[in-house]
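There are 2 protein chains.
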Amino acid sequence: MEVMKEVEKVQNKVTELIKEGKSIGFVPTMGYLHEGHVRLIKEARKENDFVILSIFINPLQFGEGEDLETYPRDEHHDKKVAEENGADLIFLPSTDSMYPNPLSIHMSVEGRTDALCGRSRPGHFEGVVTVLTKLFHITRPTRTYFGMKDAQQVAVVDALIKDYNFPIELVPVPTVREADGLAKSSRNVHLSAKEREEAPAIQKALQYGRELVCNGETRPEEVVRSTRKFLESQTHGKIDYIELLSYPELEFVKTIERPVILATAVFYEKARLIDNVVFNEKGEETAG
Amino acid sequence: MEVMKEVEKVQNKVTELIKEGKSIGFVPTMGYLHEGHVRLIKEARKENDFVILSIFINPLQFGEGEDLETYPRDEHHDKKVAEENGADLIFLPSTDSMYPNPLSIHMSVEGRTDALCGRSRPGHFEGVVTVLTKLFHITRPTRTYFGMKDAQQVAVVDALIKDYNFPIELVPVPTVREADGLAKSSRNVHLSAKEREEAPAIQKALQYGRELVCNGETRPEEVVRSTRKFLESQTHGKIDYIELLSYPELEFVKTIERPVILATAVFYEKARLIDNVVFNEKGEETAG
Numbered sequence: 004m005e006v007m008k009e010v011e012k013v014q015n016k017v018t019e020l021i022k023e024g025k026s027i028g029f030v031p032t033m034g035y036l037h038e039g040h041v042r043l044i045k046e047a048r049k050e051n052d053f054v055i056l057s058i059f060i061n062p063l064q065f066g067e068g069e070d071l072e073t074y075p076r077d078e079h080h081d082k083k084v085a086e087e088n089g090a091d092l093i094f095l096p097s098t099d100s101m102y103p104n105p106l107s108i109h110m111s112v113e114g115r116t117d118a119l120c121g122r123s124r125p126g127h128f129e130g131v132v133t134v135l136t137k138l139f140h141i142t143r144p145t146r147t148y149f150g151m152k153d154a155q156q157v158a159v160v161d162a163l164i165k166d167y168n169f170p171i172e173l174v175p176v177p178t179v180r181e182a183d184g185l186a187k188s189s190r191n192v193h194l195s196a197k198e199r200e201e202a203p204a205i206q207k208a209l210q211y212g213r214e215l216v217c218n219g220e221t222r223p224e225e226v227v228r229s230t231r232k233f234l235e236s237q238t239h240g241k242i243d244y245i246e247l248l249s250y251p252e253l254e255f256v257k258t259i260e261r262p263v264i265l266a267t268a269v270f271y272e273k274a275r276l277i278d279n280v281v282f283n284e285k286g287e288e289t290a291g
Numbered sequence: 004m005e006v007m008k009e010v011e012k013v014q015n016k017v018t019e020l021i022k023e024g025k026s027i028g029f030v031p032t033m034g035y036l037h038e039g040h041v042r043l044i045k046e047a048r049k050e051n052d053f054v055i056l057s058i059f060i061n062p063l064q065f066g067e068g069e070d071l072e073t074y075p076r077d078e079h080h081d082k083k084v085a086e087e088n089g090a091d092l093i094f095l096p097s098t099d100s101m102y103p104n105p106l107s108i109h110m111s112v113e114g115r116t117d118a119l120c121g122r123s124r125p126g127h128f129e130g131v132v133t134v135l136t137k138l139f140h141i142t143r144p145t146r147t148y149f150g151m152k153d154a155q156q157v158a159v160v161d162a163l164i165k166d167y168n169f170p171i172e173l174v175p176v177p178t179v180r181e182a183d184g185l186a187k188s189s190r191n192v193h194l195s196a197k198e199r200e201e202a203p204a205i206q207k208a209l210q211y212g213r214e215l216v217c218n219g220e221t222r223p224e225e226v227v228r229s230t231r232k233f234l235e236s237q238t239h240g241k242i243d244y245i246e247l248l249s250y251p252e253l254e255f256v257k258t259i260e261r262p263v264i265l266a267t268a269v270f271y272e273k274a275r276l277i278d279n280v281v282f283n284e285k286g287e288e289t290a291g
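Sequence order for the protein chains is A and B. Take the first sequence: its letter number 104 is residue 107 in this note's numbering, and every next letter is one higher. Take the second sequence: its letter number 185 is residue 188 in this note's numbering, and every next letter is one higher.
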C-alpha cells in the first residue's frame, strides 16, 4: 500500500491508473477508522481495480465550538486498517496543501440541508461539498463510497454529483452497528460507561418508529412524537432533533406514502451521536 | 465530425476516449463562431488527439436586461466552421438537459470579480463557473482554451481550476483582431456603420495607455486618465469602465511594477464591447 501526502503525487498516480484503464474506488474519511469505514473499503475493494482512501480532517466542515481540536486521530492504526482491508493508496494531505490560498470561489448548499444536522451545523455541508469537489478532482474515482449513517451527507453528495455532472457513481453503504445496535462512530470513544449503555436506545427508538408505520401509522408527526417519547424514556442524552422527511430530497411530508428517513441526533456529555432508518410507506427498510 | 445534444452520449464518448488514452482539447463557446473561436479550435487541434467544442448559451451568466434573447445564433454556420477547423465533436445541449432541476448547490465568486465586468454584471461569473464546472465534468478535457479578449474570464477560470484542483490545463489564447485592430466578437454584428468605424479606437486607446508605461509612466491613475481622454476623443460610445489592475489577481495597484491589465468596456447602441491589453512594468505586452 502506498502512502502519499502530496496532492501532485496522487494526481500523477491517478493519471497513470486512468491511462491503464483501471477503475478507481474512493473512500473519503476523516480517519480514526472503525468498522463502518472497513465496510466502505471492502465494498470499494470488491468493485474496483484500485482503492484510494483519503484521511483529511477538513477544518471547513467544523463549526465554531465544534470538535475540530478533539476529533480523534490515530494515523498508525488507520494505515494498518486500510492496508489489511485492501486499500492500495492512502492520501493524507496537510491542511496547507488542500487550502494553500484563500478560496476565490465558494460553494453553498441550499436544498437538503435546512433539516436534520444541516440546521444545527451551519456551514457544515458547504465545507463537505468543497472538500469533496477537491478530493474528487484529485482522485478522479469511478465510484465513491459513503456510509448511510450520515444519510444527509449521502443526500448532499447525491445532489453535488447530479447538479454538477461529476462522472462518478455514488455508492451508499448500510450503517455498521455494534452487537447491541449502536451505530459505529469515531465519536463513540467519547461516551461515558453509562452513556455507552444507554446509546443503543437511539437505534431501538428509530426501529420502534418504523414499526408504527409497519402497523399502519401514516402520520409523520405521530411517528416522531412516539419515537421521541420512547427515546426520552431510555436515555439521559439530550435530543437535538427527531425528524421524518422524504428521502433523498429531505423535504417535509404530510403523510407517509413514499420513501422517508426517520433520523435523530442526541447530545451526550462529550459526543453528539446521529442515527437514522430509511423505509418505504409499508415500513420496510430500504437501502437509501 | 460528430454532433451530440445529449449529456450522456458525450459522457460515454469521453469515457471511451479516455480508455483509449486520448488527450482531449475543449473549447467552450456560446456559438456564432468568429475568428477568435477559430483560433481556439486550431490551438486545441494542434495540442490534442480529440477536440470538443461546446455551444451553449448559458442563461445563468446573463443578467436582468442583458442580451440573452438577442444573443446571435447560427447553428448551421457554427457546424461548418467547427468542422473546417478540425473539431471532432460539437456538443449542443439544450437548457433543459444542462439544468434539468433547480440546483441545490451554488457557486459564488469572491476574488477577481469586484472589478471590470464583474462589477457591472452581478451574477455573471457565478453563471460562468457553474456551467464550466458542469461542462468540464461532461467533457473531461486534458486542456481547455479561452481567449484573452475576456481576460477577467481567464482569471476566474484560473481561480476555479486552482481552487478546486481540476485536472485540466488552462490555455489562454491571444485576442484575434480585425485588420483595423477591433477585437473579434459575436456582438460586433450589432454595431451601426458609424459605430463600427469608431470601435477600433478602443484598442488604439489601450495601446496608447500601454505606450505611456513604455515611456516611463508608473502611475495607474495617470494611465487610466489619459487612456480615457484619448478614447472619449475618438468615439461616441459610452465608457462603462477603464481600469488598470494587477494580472491575474485583478487587484488595485498603487504603482505599475509587475504584470497588469488595462481593460475597458464601451457601450454602443446595441452592443457592449470589451477589450484589454496585458503588459509588464516596462510596458511590454505579455501573454496573460
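Hints in this document: simulated from the structure, not taken from any laboratory. Some hints here could point you the wrong way.
The list makes no distinction among identical chains, and a pair is therefore deemed to hold if it is satisfied within one copy or across any two copies.
With a straight-line Cα cutoff of 30 Å, these simulated DSS-like cross-link-like pairs (lysine-lysine) come out [to be verified]:
(1) 207 x 257
(2) 152 x 187
(3) 187 x 16
(4) 207 x 83
(5) 45 x 22
(6) 165 x 82
(7) 8 x 197
(8) 12 x 207
(9) 273 x 232
(10) 25 x 12
(11) 8 x 22
(12) 22 x 49
(13) 165 x 12
(14) 25 x 8
(15) 165 x 25
(16) 197 x 285
(17) 187 x 241
The structure displayed is predicted, hence computed values, not measured ones.
Q) Is it within, between, both or neither when you check residue 187 against residue 241 at 30 Å Cα-Cα? A) For residue 187 and residue 241, the Cα distance is within 30 Å only inside one copy (19 Å; across copies 65 Å).
Q.
My question is about residue 45 and residue 22: at a cut-off of 30 Å on alpha-carbon distance, are they close within one copy, between copies, both, or neither?
A. both (24 Å within a copy, 25 Å between copies)
Q) Are the CA atoms of residue 25 and residue 12 at most 30 Å apart within a copy, between copies, both, or neither? A) both (17 Å within a copy, 21 Å between copies)
Q | 30 Å Cα threshold - placement of residue 285 relative to residue 197 | A | Neither way: residue 197 and residue 285 sit 35 Å apart in one copy and 73 Å across, limit 30 Å.
Q | 30 Å Cα threshold - placement of residue 25 relative to residue 165 | A | Intra 23 Å, inter 26 Å, cutoff 30 Å: intra and inter.
Q) Under a CA distance limit of 30 Å, which applies to residue 8 and residue 197: within one copy, between copies, both, or neither? A) Cα proximity of residue 8 and residue 197: none, with 39 Å in one copy and 61 Å across.
Q | Alpha-carbon proximity context of residue 187 and residue 16, limit 30 Å | A | Neither, since 32 Å and 41 Å both go past 30 Å.
Q) Checking residue 22 and residue 49: alpha-carbon separation at most 30 Å within a copy, between copies, both or neither? A) both (21 Å within a copy, 21 Å between copies)
Q | Intra/inter-copy verdict for residue 12 and residue 207 if alpha-carbon distance must be at most 30 Å | A | Neither way: residue 12 and residue 207 sit 46 Å apart in one copy and 46 Å across, limit 30 Å.
**Q.** Within, between, both or neither: residue 165, residue 12 at alpha-carbon 30 Å
**A.** Answer is both: 28 Å inside a copy and 16 Å across each meet the 30 Å cutoff.
Q | 30 Å Cα threshold - placement of residue 82 relative to residue 165 | A | between (32 Å within a copy, 29 Å between copies)
(Q) Please sort residue 8 with residue 22 into within, between, both or neither, judging by C-alpha distance up to 30 Å. (A) Both, since 22 Å and 27 Å are each at most 30 Å.
In this structure, the earlier hints numbered 3, 4, 7, 8 and 16 are contradicted, and the remaining ones agree with it.
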